[in-house]
Amino acid sequence: KAGVTQTPRYLIKTRGQQVTLSCSPISGHRSVSWYQQTPGQGLQFLFEYFSETQRNKGNFPGRFSGRQFSNSRSEMNVSTLELGDSALYLCASSLGTGTGTDTQYFGPGTRLTVL
Amino acid sequence: DQQVKQNSPSLSVQEGRISILNCDYTNSMFDYFLWYKKYPAEGPTFLISISSIKDKNEDGRFTVFLNKSAKHLSLHIVPSQPGDSAVYFCAAKVVAGTYKYIFGTGTRLKVLA
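The listed protein sequences correspond, in order, to chains A and B.
Numbering of the first sequence is given in the working numbering, commencing with residue 1 and proceeding in unit increments.
Numbering of the second sequence is given in the working numbering, commencing with residue 116 and proceeding in unit increments.
Bound-form chain A, shown alone (with noise of 0.2 Å):
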């Protein structure tokens, strides 16, 4: 089974433009997460869909959204990038049943630079 895939795998922006991340999941899965992890701070919970629906959300500014397709397929936006934006995003996705045998995988990550 083919695993979590993320594109691109390195990005580099300016302050104030706008990207785009992709994740496609373990095939089967329905719910995909993601995170941001910085140096020290470990993963940030950024928000889950399950379904084409935002299950939960982290606490992060507006700038950061996402969406999910009909194939699970999802992808994160980040608009009006700040110097602190930079990071490695990193989606995981599960079945989405909730219970506790319910893994999450993760893929190999975007590393955004923000210049």
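Take these hints with a grain of salt, some might be off.
Said to hold, decoys possible - Calculated lysine-lysine pairs in the DSSO-like style (CA-CA distance at most 27 Å, straight line):
#, chain 1, residue 1, chain 2, residue 2
1, B, K215, A, K57
2, B, K171, B, K225
3, A, K57, B, K186
As the list claims (entries may be wrong) - Far from chain B, some chain A residues (derived; all Cβ distances over 12 Å):
#, residue
4, V4
5, I12
6, K13
7, S22
8, S27
9, G28
10, P39
11, F64
12, S65
13, R73
14, L81
15, E82
16, L83
17, S94
Calculated from the structure, these hints are not laboratory results.
A virtual CB, placed ideally from N, CA and C, is assigned to each residue, including glycine.
Since chain A is already given, all that's left is putting chain B on it; use the hints.
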């Protein structure tokens, strides 16, 4: 408010010895805990999990211990191998309803040959 804490940012262990990684949590509603391993330029890889109704779960060289009264869990790796050198994250979740994981800040393990 850091609900899941990994207070040791790094740990060095000799090959063949035991590695013990620690994690503390504050939310007594967490009912499932997980450990992930992350290599540079890769996403985290699921290692092992434990339900809050258990106090131990074992999978090969990896054992997770949960002490609910102390709100503490630990990951034991025995014997440690150089390939275990990575960043280890613990994560917690409330099974009912929130669908989100809370991650610690990670511990970088270095296994010395």
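Verification of the hints:
no. : hint              : result
1   : K215(B) / K57(A)  : 9 Å, holds
2   : K171(B) / K225(B) : 24 Å, holds
3   : K57(A) / K186(B)  : 25 Å, holds
4   : V4                : 7 Å, violated
5   : I12               : 16 Å, holds
6   : K13               : 20 Å, holds
7   : S22               : 14 Å, holds
8   : S27               : 17 Å, holds
9   : G28               : 16 Å, holds
10  : P39               : 9 Å, violated
11  : F64               : 15 Å, holds
12  : S65               : 17 Å, holds
13  : R73               : 17 Å, holds
14  : L81               : 22 Å, holds
15  : E82               : 22 Å, holds
16  : L83               : 21 Å, holds
17  : S94               : 9 Å, violated
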